Every structure is written in structure tokens, then in C-alpha cells.
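Line by line, the protein sequences are chains S and Y. Going by this note's numbering, the first sequence opens with residue 1, and the numbers climb by one from there. Going by this note's numbering, the second sequence opens with residue 681, and the numbers climb by one from there.
Keep in mind that the hints were calculated from the coordinates and are not lab data. Mixed in with the good hints, there may be bad ones.
[To be verified] Result set (BS3-like, lysine-lysine): computed pairs, CA atoms no more than 30 Å apart in a straight line:
#  : chain 1 : residue 1 : chain 2 : residue 2
1  : Y       : Lys724    : Y       : Lys710
2  : S       : Lys66     : Y       : Lys878
3  : Y       : Lys717    : S       : Lys236
4  : S       : Lys432    : S       : Lys413
5  : Y       : Lys878    : Y       : Lys860
6  : S       : Lys615    : S       : Lys266
7  : S       : Lys133    : S       : Lys20
8  : S       : Lys236    : S       : Lys101
9  : S       : Lys20     : Y       : Lys766
10 : Y       : Lys820    : Y       : Lys860
11 : S       : Lys236    : S       : Lys126
12 : S       : Lys25     : Y       : Lys860
13 : S       : Lys25     : Y       : Lys811
14 : Y       : Lys766    : Y       : Lys724
15 : Y       : Lys811    : S       : Lys20
16 : Y       : Lys766    : S       : Lys25
17 : Y       : Lys860    : S       : Lys236
18 : Y       : Lys766    : Y       : Lys878
19 : S       : Lys413    : S       : Lys504
20 : S       : Lys236    : Y       : Lys710
21 : Y       : Lys878    : S       : Lys20
22 : Y       : Lys710    : S       : Lys101
23 : S       : Lys439    : S       : Lys413
24 : Y       : Lys860    : S       : Lys101
Here the structure is a predicted model, which is why all the values come from computation and not from measurement.
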Amino acid sequence: MDLAPNNESGSTGPLNREEKLSPAKLTLAQYIVALILVVLVAGLWRLQIVGADGYRVLAEANRIRKVPVLAPRGRLFDRDGRLLVDNYPSVTCYLLREQIKDLGTDLPYIAQGLHISVDQINATLKRFQTAPKYQPIPIKQDITPDEQAFIEAHRNELPELETLDEQRRLYPRDGFAAHMIGYVGEVSEQMLNNDSRYSFYQPGDVVGRSGVEQTYDALLRGTDGSRDVIVNSHGKEVGHLGQTLAIPGQDLRLTIDLDVQMAAEKALEGKTGAIVAMDPHTGEILALASRPTFDPNQFSVRLTRSYWNEILSNPDHPLLNKAIQAQLAPGSTFKIIMSVAGLQEGIAQTMHVPCNHGGTFYGHYFACDRNHGMVDINSAIPYSCDTFYYTLASRLGIDTIARYATSLGFSQKTGVDLPDEVAGTMPSTAWKLKTQHEKWYAGEVISVGIGQGAITATPLQLARAVGGIASGGVLRRPHIVFPNEVPADVLQAVHESFPGSGEKTIPLSPENWQIITDAMANATNPAAGGTASIAHMEGIDFAGKTGTAQVMSHDALARSGKGHKTVPNAWFVGMAPRRNPDIVVAVLWENGDWGKYSALIGAQVVDTFVEKQRKRQNNIRIAEAPKPTALPGTQPSDPAQAPTQTPTQPGTPISALPANQPAMPRRSPATPAGPRPASD
Amino acid sequence: MFRFSRYRDFDWVLLGFVLLLSLLSVLEIKSATLHTKFHGFEQKQIIFLLTGLVLMFLMSLIDYHRLVDIAPYAYGISIVALIAVKLVGSKVLGARRWINLGGGVHFQPSEWVKLVLILAIARYFWRLAGKELTWPDIGKAFALVGVPMALVLIQPDLGTTLTYLPILIMGLFLGGLRIKQTAIILLVLVMVGGIAWKSGKRLKPYQQARINAFLDPDTDPKGSGYQIRQSLIAVGSGGIWGKGTNQGTQTQGDFLPIPYTDFIFAAFCEEHGFVGAVGVLLLYLLILMRLIQNAQTASDLPGAFIIMGVVAVIVFQIAVNVGMVLGLMPVTGIPLPLLSYGGSSVLFTFLALGIVMNIRMRRFVN
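All chains, full assembly: derive it from the sequences and hints.
Spelled out as C-alpha cells, the structure:
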């Protein structure tokens, strides 16, 4: 390069031949500059004039975040308005995937700060893979104040973390009434994909997964609101605009009586089985307990693997609501249904059967537990004489028995407003042909006569059937929420979701009604030598029927799946008073050995109920000799009415009845009465 | 014959436009950093501007011919400095662009090289004036600019590298490049560029990502497309009149990336709307036209070449920066002259203007 210095005087160097640039080129340069700026102005026009509205929306979407305000779920109360299930305030940590810059780097910090493992977060993320990107993912529920402080302190480093105040379910402790209440949990993918009822839920939504929580989820869940907050690019809240208030879920009053429920829970403690107590006038379930139980509080937050394994490995299936899901041979409790069939068919009235430790039918010898001598219908029920019912069964035939049993709700769901009820089995010729493609052998009817063989039923089915018989043939749809608490359309939906035999009246003549109920009263009467004599309660008109169901017999073994447990199941169905009862209770104690032990359990529940009613009314009556005065099907069924009336002339004022016990304070703790001294 | 330079001949009109833009710059930097940790940068910008003004007046005192004379030496020193920065420079965000001089003062040679290149190109084409450009001449010009470009590119600093290009283009354009030569050069460039793009090895992943994001900002709204997307939202949502000073939700909510430097025009557009933005572009137009006018009245070729070199750099930076903000160009990290915050940018602009003033004051020399 030529480095010759320029002339000091300002004259041009020797190489210069031109002194000026071409004016045309400079003009062209001006045009080019102007053109570039015009292009830029056009770009501005495109964005600020043409696209302004669209970009304004985007700018608003940028800075305004809709923060959901979760509706508290409706609370659950017992029939007297006592709180069963409440909510408590809780904070959940969410992950905002839109805010994530480098998750791989952040994950270990998040995991450390929230005290969860990276794998757990990854599993959660995987579960929400298909959810829209803007949707926050709950990564830890019920976080501690420490963890909350961690999130607040790392807003800038971890803008993807967000907290949300929630109301969380607080269930009774120790699994109290857990099967009936149910629990809530995140809606599962399966539910979202396969069940139209859940179509409007989103992953992460909390729904009722069992029990009342599931059935009445639509009422309990309420409507979530939202808050519009102004945020900066780090998600930090810098102001707020407006809000839509959350509508809390509806509180529900259950038909459960806390005192009766407590008695049932206590009576079942340490056992495997179920109790269901019901008001046969209305179908209101007063108590429903199942054992073993589980802690629903564990389900409403993060279910730990160890607890889940504990539940799964328990051979007695804690999650199973045995009151509606255990289908087992009802044993001798089925003899009540046999009696209805025998009497209504006009056979049993005149039957006199000699019992000599059993009898021979169809060429086989069938045993009875003792020598009952000459037995008729009045003694067959309290003695629970198998020989009598073998004979009755052979005379009725399977299809007649099946007809009566079916009309009383066997082999059908009751239609109770709880999910996953099972129907049980009622064998018949048609049933056997259909399920086993085999002809029915007449000899098979003998074991059905004593509630064994292929017949299975749930405690609730038994309670409803026996309660209906004691009410003169009026059967109600069992329910756990007062129908008047529920809007008509929801009630309709519940009935359609849980179809069953529902409300019905079966023909039962007053004479037969009296024979059966009197005989059942004798079952708990030591003087009559009844099988449930040890459950006798002085001053309470308590009637019932025991059942000791062999678990080793026939296919019941395979059905129960508990071949190693050979001790019989102890059943009891009882009611008080004997006719038009205010309470009917069914007890299933698996491997409880003898029905009379279940009768003791049933007695505790009935005693608690009756004592409570008497205290409440200050008007205690002992059982009178009942007369079948009220016609079947005409019983008052107003749920508000005090349910301790013994059958009396309709319209007799309660206060007009004699009281033979002193008035007691209404709120005194209702302690379940212990079993009466056993005398067997 | 010889006349002393007089401040009557100083371009006060040009300085007025420049100061007006500088004022807008200070106000917008204040607004854009209001709620950030960079709050108070507008005061630093004022200091940069005052320093720039002093340098501009000092620069106008030195005869630009002296500058043209020392251009070869300055060029040599520049090359040494660029090599030095690669060897001993401070590493910031993966790139070595700065030499730490101690006391918190950082020196970015690549900015000053712009000025040196303008002078060197002016000198080179001045000496070739009057004769037709041969291919060796063209090759030398390419080498003159290409060597510092390569050195800056490996820092790596693509943005600054690209700002050297308009100096070369302007030199070739005014130096008499013929249309046939232009076509051949363009053809070669397109082919080389195509091969480089195909092989994909010439660009860093973040550079490729920027170009992809430019082509479709919505593909990755949280990644590379984020900046462009937020910029478009800021500009678009400003509408005709803007949201008002300190009222830009994109700017104030920290959605707009670096709203006081590279994306300051987006911040300005959001808060002052189409009207304000066109006003700013109009000021740029006035400044550039005034500069070109000064080139026309320059007393000799070197002066005209120098001014047009300055024009080329400023136009290029406006086009690339505003184009980026408006989604017409990929993200390159080139500041907007006179509006973006930053000492190097301000000082370069005012030194360049100082030389322009210098040339203007000596326009009646001959």
C-alpha cells in the first residue's frame, strides 16, 4: 500500500485525478437510505397499525395470569348435623412448564428444596405429558412452611415453581366410616379417557374416588374461581386485576347417625367383616362399617408407596366395602326368606318336621346341628333347625325359592348411592343353565334352603330384605344422603348410575308377617331357646336371625378365595322392634365361628340406637306385645319423624305412651351397651 | 488559501438532530431500566454522551488528512489489538471481546476498528481514484476488510463482524465497481454462503437457532424465538400512540429482553407507538441526509469517502437493529446508534461525527 503522506497545504496528492465523488452515486445513496427507512416504516405499520389488536391480546396474555381459586369441597355431616368430614387449608407446589428454561439443571434443586426425589418429579411430568403446556402440574401437595419459603426465596432462579392455596380434605381418623365416606384423589387417566362423567375434568383435578365422595362429587366439588394477576416475566406477581369467586361445594347431610356408627365401628374393632344398619321405613342407612379399614387421609394427599403396598398386601382387602361388596353365602339368615316363601305358598304353616340331627333327602343325608325334636315354623326360626328348612326347600323347589328371593332383592343391586355395589347370586334352574350350561339337580335345592351352596348375598341386601319383611313387605332403596338434600336432577342421575331393585312392595299377609317376626323375636329370647339368646336385651323388642355359614362347603370356597380360613362366617340380621322396625342391622363377621357372636355385635348397635332414641324423647317405652295392626306398606316414611315407635295404632301420640324410665340428659355420651351375659 | 477551521462552519443542525435523539435515548433507557437492577443507567449514558461530545470537538480540531495519513499505522495496531483480545481478553458469555485495562475500564477493540477501517478504506479508494478497478484492486479491498472481520468473527462476535461489511460495500460502490464485477462478486458470495450454510459448520448452534427463530418465531417461543416474539408483541401492542412512558407492559414486566440496549427501539415503540417510532426514523433520515449532503460538499475525495463510510455503518446498524426488532432480520446483537445504551457505541458514533464535522469545517479549503 502506498503510504505517501498527504500534502500539508491541503493540495491533493499526485495520484488524485478526481476531486469529487459522482453526484449521481451520492443521490443514489440517498435514495437507498430513504428506501431502507421506508421499509422499516412499513414494518412498523404492519405491527403497530395492522397487527396492533392481535399483539395487544398477546401482551395482555403475557402479563396476566389466571390463578385458579379452588373451591372448597362441601363438608359432610351426620344426620344430626355433626361434622364428619371437614377441609383444612393447604399449599400445593405447581410446576409451570411455560416458565421452564433448563429443567435438567433445575430438577436437582427443586427436588432438594421440596424434599422429593427427581424420579418422583419425572414420573409426575410423564403423567402430565399430554396435558396442554400452559397447565400447571402439581408436583407436591401439602407442602411445609419451609418448602414454601424455599419457593419464595428462589423466585428468580426457579420461576417455574408456583404455589397455590387449596382446601384439603380432613377425614376422621383411624379409617372411621372410611368405606362409606370414600376419599378424593387426582382424576386418573383411565377415568378421563373412558368415563363420560369425567369428560370435563382435567388431569390434576381432585375428584371423589370412592364412597359418598364419588357418588356426590358433582355436588361436593363446587366451582373453581380464578384471580387475574399481573406478573412479570419471572412469574412474580406485581399486581392484580379482578377475580371470579369460587363457589364452595354443597355441604351434605348424611343419613348416618354418628352414635350408631361409632357403636358399629367399635363392635367391629379387630375383626374382619361389615355392619350395616338401616331405617327400613325410609331406607336411610344409619351406620355402615367395614373392616379392615384404611386411612382416607393418606389418599387425599400423596399416597405413599409403603402404605399402598400395605393395603394391597392385606389379604382381607381393606379397600373393599364389605357391606356392599362382600358376596358370601348368607347361611341361616336366608331362612327368613325361606320362611316368607314357605308361608306365602301356604306350605310352612302346616309343616311339622321331626328333627333327629338331620334327615335324608334325595338319597343323601343332610345334618342338623342338634336334635330339635318335632319342629314347626314357629320353632324352626328361633332354633334355626336345618332339617325343617331342608324339608321346606325340597317342597318348594329351587325356582319358587328363587322367585321369592329375587323379589326380595337377592341377585340384584339394592341401588344404594355408593359406587361399586355387587349383586350377589341367587341360583335357579335358569341361572344354572345360563352360567354353567348344566341342568339343575333337584338335590341341590337342599343346601340353598339353609343359605348355603351357590347362593351369595351382601350384608346390605340381607338388611334390606329382612327389614322389608319386618315392615310387612315394603322394601326401600337404601341411601346414605337425604334425598331432599340433593337437587332432583342429581338424584335422578344417581339413581340411573346406581340401578337396583329400588323401592318395592312384596305381598306378605299380616298373619305370615306376625309368625315370622314373632319367631325372630324368639331367636333372641333365652326362654324360647333361640340361637341368639346371648344377644337378648331386656326392655328392647329385639328380633333377629343368626347365620353360621360354612366357608368350606361347595363352591363358596372358591368364591370367597380364602380356602385357608375354614372357620365359618358369622352372620346376624336383626331389628328393633320386631314389627315395623325403626332399625334393621346386618352383621357379617368373617370367620366369626358362630352366628350368635355376630348377634352380640348387632345387639350393641341396636342398643345404642334405641338408648339414644329414648334419651332424645324422654319417653321410653318397653316393647308391647305387638299386634299386626298396621297394614303392610302403610308405614309412615317421613325421615324427620322420630323412628322409635313400636307398632301402635296409627296416630297415637307419643306422649300418651307410658314411660318407665327416668328422663336422661339428651347429650350424655351414648356408650354402646355391652353384650348381655351369655348363657350358652 | 489556508483557512482556519471555524465553529461557524460546524454542523450545528446535524448536532441538534443528534442531541435530540440522544435525549430520547436517555429518557427511554430511564424508562426501560426503571424496575430493574440496571436502574440509573440513563445517568451513565449521559456521562457517555458528554464524553462523546468532548471527543467529537477534539476530533474536529485534528485535520482529517492527518487521520488518513496515519490510517495504515492505525490499521496495523488494530490487527495487533484484535489478536491480543483473542489471546488475553476477558471471557464474557463465551466470547473474548474485551481487554480489561484495569480500574473497571474495558476496551473493546472491535468497535474502534470500525473507525480505522473507514479511514483505511477511504484512503485506499482515494488512491485508486480515477482508474478502473481491477480484480487485484478488488481483492486487496476484500483483504483489507476481511482480515479484521475474520479476527472479530472468531472472538466470536458476528454482529460487529457484519458492521464492517457496509464499509467495504460503500467503498466498492463509490470506488467505481462496475456492474459486471458486482454481479460476479454476488454470485461467488451466494455460492460460498450456500455451501457454508449447507455444511452448517460455520455457525455456532446459537447462531443457527437465531436464524431459525427469525424464520419462524413461534417454533420455540421459550427458546430462541422468545426474544423476537417478545419484541414483536412489544412493538405491535404499542399501537398508534403507544402505552406511554413507563407504561409499556412488555418493557416494564421484563418480558422484552435487554430493553435498554439491543431492543431499545422495541421498548420505544411500545411506549410511544407508531407516531413516536416514525418520528425517530425521521430523525435518522434527517441525520443521514445531512451526512450525505456533507459528503457532497466535502473538499476532497478522502473526506467524502470517510463520511460515506460513516453513513454506511450507521444505515447498516439501523437497518439490522430495527429490522431485528420488527422481525425483518435475525437477532444479531447490533446496537442501534445514538439510541442504545453503551459507551463504546456512543463514543464510536460521536468520534465518527467529530470526523464528519472536521471534514465539513474544511470544505472550503480548496
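How the hints compare with the structure:
For a cut-off of 30 Å, the pair hint linking Lys724 of chain Y to Lys710 of chain Y stands: about 10 Å separates their Cα positions. For the proposed pair Lys66 of chain S and Lys878 of chain Y, the alpha carbon gap of about 45 Å is over 30 Å, so the pair is violated. For the hint linking Lys717 of chain Y to Lys236 of chain S, the alpha-carbon distance of about 15 Å falls within 30 Å, and the restraint holds. As the CA atoms of Lys432 of chain S and Lys413 of chain S are separated by approximately 20 Å, the hinted pair is consistent with the 30 Å bound.
For a cut-off of 30 Å, the pair hint linking Lys878 of chain Y to Lys860 of chain Y stands: about 27 Å separates their Cα positions. For the suggested pair Lys615 of chain S and Lys266 of chain S, the alpha carbons sit about 21 Å apart, so the restraint of at most 30 Å is met. Taken as a hint, the Lys133 of chain S and Lys20 of chain S pair is broken in the structure, with Cα atoms around 63 Å apart against an allowance of 30 Å. Between Lys236 of chain S and Lys101 of chain S the alpha-carbon distance is near 16 Å, which keeps this suggested pair within the 30 Å criterion.
Distance hint between Lys20 of chain S and Lys766 of chain Y is unfulfilled; the C-alpha atoms sit about 40 Å from each other, more than 30 Å. For the given pair, Lys820 of chain Y sits about 18 Å from Lys860 of chain Y by alpha-carbon distance, which is consistent with the 30 Å threshold. Proposed proximity of Lys236 of chain S and Lys126 of chain S is supported: the alpha carbons are some 26 Å apart, at most 30 Å. A threshold of 30 Å between alpha carbons decides the hint, and for Lys25 of chain S with Lys860 of chain Y the separation of about 17 Å falls inside it, so the pair holds.
Annotation: proposed proximity of Lys25 of chain S to Lys811 of chain Y holds, straight-line Cα distance about 17 Å (limit 30 Å). At roughly 28 Å between alpha-carbon atoms, Lys766 of chain Y and Lys724 of chain Y fall within 30 Å of each other, so this suggested pair holds. Note on Lys811 of chain Y and Lys20 of chain S: the hinted pairing holds, with a Cα-Cα distance of about 14 Å set against a maximum of 30 Å. With a C-alpha separation of about 39 Å, the suggested pairing of Lys766 of chain Y with Lys25 of chain S is violated against the 30 Å cut-off.
Distance check on the hinted pair: Lys860 of chain Y and Lys236 of chain S sit about 59 Å apart at the alpha-carbon level, beyond 30 Å; violated. Distance hint between Lys766 of chain Y and Lys878 of chain Y is fulfilled; the C-alpha atoms sit about 28 Å from each other, no more than 30 Å. Using a Cα cut-off of 30 Å, the hinted pair Lys413 of chain S and Lys504 of chain S holds, with the two alpha carbons roughly 13 Å apart. A distance of roughly 22 Å separates the Cα atoms of Lys236 of chain S and Lys710 of chain Y; the hinted pair therefore holds under the 30 Å criterion.
About 44 Å separates the Cα atoms of Lys878 of chain Y and Lys20 of chain S, which puts this hinted pair outside 30 Å; it is violated. Only pairs whose Cα atoms come within 30 Å are accepted, and Lys710 of chain Y paired with Lys101 of chain S is accepted, the gap being roughly 28 Å. Restraint check for Lys439 of chain S and Lys413 of chain S: satisfied, since their Cα atoms lie roughly 26 Å apart, inside the 30 Å limit. The hinted pair formed by Lys860 of chain Y and Lys101 of chain S fails the criterion: a straight-line CA distance of about 50 Å is larger than 30 Å.
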